[in-house]
Amino acid sequence: MRLRLLIAVLAAAVLGLAFTFPWLKTPILLALANGLAVSGVIVLIRAGQVSFGNAMFACLAGYSAAFLARAWHLDALLLIALSCLFAALAGAVIGLFIVRYRGIFFGMLNLALSMVLFSVLGKFGGLTGGTDGLRFDRPTLGFVHLEREPFETALLVLALGLSIIAGWVVQRYFASVSGQALAAIKTNETRLEYLGISAKRVFWGGYVLAATLCGLGGSLFALTQGLVTPEMGYWVRSGELVFIAILGGSGHALGAFIGAFLFEFMKLYTAALLTGAWQLVMGLVLLVMVFVAPTGVFGMIERRLRPGRSA
Amino acid sequence: MNSSLFALALMDGVSYAALLFLVALGLTLIFGVMRILNIAHGSLYAWGGYFAATLGMGITHFGLSPLLGLPALFVAAIVIGVFLATVLEFALLRRILDKDPILQLLVTFAAFMVLEDLQRMIWGVQPVFVSDVVTQLGTLSVAGVTYTRYQLLVLPAVAVLAFFGLRWFLGRTALGRQVTAVTHHREVATAMGVNTGRVTWLTIAVGGALGALGGALASPTTSFTPGIGAEMMVLSFAVVATGGLGQIGGAALAALMIGLTRSFAVYLMPEVEVLVPYLIMVGVLLVRPEGLFSTAATRRI
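The listed protein sequences correspond, in order, to chains A and B.
Residue 1 is where the first sequence starts when you use the working numbering, and the numbers rise one by one after that.
Residue 312 is where the second sequence starts when you use the working numbering, and the numbers rise one by one after that.
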């Protein structure tokens with residue numbers, strides 16, 4: 001109950017901030033897009049796996065949105081839906097063989113695939129715009145033409161709504177039979193198989209969900225910027241997603257969004273104060289989190305929210 | 312494809328495979344002893360290359376004998392490799408031995424990010440390239456192809472020496488047997504009186520030096536830019552995974568496979584060149600999920 005209240009307060013705070021300080025709209029949008037992608041990473045972490053290549057699904061979704069926007073000038077809502085579908089399909093196909101691997105192999109195979117995508121996007125410049133990426137015009141939103149300012153506001157409200165839905169879906173999934181089975185992949189996969197549940201099939205489901213969420217984040221990211229580049233799928237981006245998950249806490253979908261907001265503001269300040277040291281700061285914070293607070297910021301909040309403990 | 316082009320691709324492939332093998336050897340050695348995949352290994356490669364280039368420039372700048380060029384590469388690799396590996400081991404790796412594998416991966420990943428930025432701060436973003444050693448050693452004509460002696464003789468010789476040297480060390484010396492014992496079972500080895508801490512540090516220092524040596528030896532023929540560490544990390548992982556984690560022979564075979572296929576792809580199908588290592592890795596892992604040599608030998612390393 002307290003958690004719901006917290007979510008409502010946070011959502012209201014986000015809207016309030018966006019309307020009082022209009023220059024915050026873009027960072028907030030990017031944070032929400034990151035949060036969506038990270039909620040996918042959290043699904044994988046629930047299975048005890050970490051992928052160093054999940055940004056490739058965000059990148060795929062972003063590029064498919066850009067292609068569709070350039071070719072047919074589709075509506076933003078359609079762009080989001082179709083590019084998510086594409087990311088889900090890609091996740092389903094890649095998942096077919098990648099769910100056979102665990103631990104290091106899983107993480108590094110994802111990394112290898114994302115590197116392949118990154119270099120393919122850079123190489124085939126005629127089709128993908130090479131390293132400069134693809135630019136596309138602002139699409140209609142709900143079949144209404146909007147200027148830049150109202151478009152961003154509408155997109156922000158949409159992203160916030162999608163984030164709340166996605167968070168709810170992820171938590172629902174964790175509570176479901178497949179979600180519980182997914183968590184069992186981390187604790188004891190052999191026992192899971194003895195129960196008659198195929199660990200691979202369960203993990204495949206989680207992988208597809210993760211890919212879809214990353215795709216959702218990627219399509220919002222692309223719409224916010226009106227530009228997609230291969231950098232969206234670079235390993236640094238994937239690393240950032242894992243970083244946000246650990247910073248925010250991987251125990252709850254809310255952690256993804258808390259982490260994403262902290263990350264975005266960290267980035268704003270680091271860019272202003274310590275130019276060129278962004279990865280350094282990220283690495284050090286990640287080390288501190290792993291050693292001091294492995295449950296992340298959400299873990300700290302949760303301890304205070306737990307009923308029966310006055311904080 | 313005519314015969315001289317074939318010979319050229321072959322030589323390219325062998326010299327590339329030699330570098331790949333050195334880096335992968337370091338990675339697999341550290342994995343064998345710690346059971347941790349050290350993602351920061353890619354940074355060791357990059358630092359080794361940059362530091363060697365700096366030494367090379369220093370030699371020219373101070374007008375020292377150009378004969379020092381080749382030894383300087385090895386000095387650079389050993390200094391930077393042992394130094395960084397020691398820092399990593401004392402500051403991080405020994406503290407995470409009993410942690411969740413995810414957290415272990417994240418810690419080395421964090422170290423990698425830190426090292427990448429430090430490297431950019433020290434050496435900047437401009438490509439670094441010092442090829443004095445290659446020009447000084449001259450060229451050689453084989454099968455109608457003129458090729459640099461450095462790539463044709465020095466690189467494969469170092470790789471072969473590293474391979475047999477390590478095999479001899481692990482199999483024939485008392486210290487090497489202790490390393491093997493620790494990779495086999497850390498606790499039992501400790502109970503038998505092996506100084507596990509010292510053996511671990513030694514292995515990591517050797518592994519780090521091998522990674523840096525790959526970079527240092529690559530520096531006269533490759534231009535070093537930011538991001539090269541990540542690329543090499545993924546490549547050397549592809550080699551190690553294809554060969555089987557912790558398998559020295561497997562790493563050698565996989566490095567040759569990937570190196571040769573890649574160099575032939577450069578001449579035949581340049582578009583797919585970057586994809587070759589990954590395609591080989593995925594192909595092998597589909598058939599043998601633990602790598603080529605995983606079940607053939609029970610003993611790791």
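Hint data in this document are derived by calculation from the structure and do not stem from the laboratory.
Keep in mind the model is a prediction, meaning the values are calculated, not measured.
For each residue, glycine too, the CB sits at the ideal point set by N, CA and C.
You may find that some hints are simply not true.
Here are the simulated DSS-like pairs of lysine-lysine, each with C-alpha atoms no more than 30 Å apart in a straight line [stated by the list, open to error]:
hint, chain 1, residue 1, chain 2, residue 2
1, A, 267, A, 25
2, A, 25, B, 410
3, B, 410, A, 200
4, A, 186, A, 200
5, A, 186, B, 410
With the Cβ distance kept under 8 Å, some of the chain A side facing chain B (calculated, not the full set) [unchecked claim]:
hint, residue
6, 96
7, 108
8, 246
9, 269
10, 271
11, 276
12, 279
13, 284
14, 294
15, 297
16, 300
Here is how each hint holds up against the structure:
no.	hint	result
1	267(A) - 25(A)	15 Å, holds
2	25(A) - 410(B)	40 Å, violated
3	410(B) - 200(A)	25 Å, holds
4	186(A) - 200(A)	12 Å, holds
5	186(A) - 410(B)	14 Å, holds
6	96	11 Å, violated
7	108	5 Å, holds
8	246	6 Å, holds
9	269	16 Å, violated
10	271	14 Å, violated
11	276	7 Å, holds
12	279	4 Å, holds
13	284	6 Å, holds
14	294	6 Å, holds
15	297	16 Å, violated
16	300	17 Å, violated
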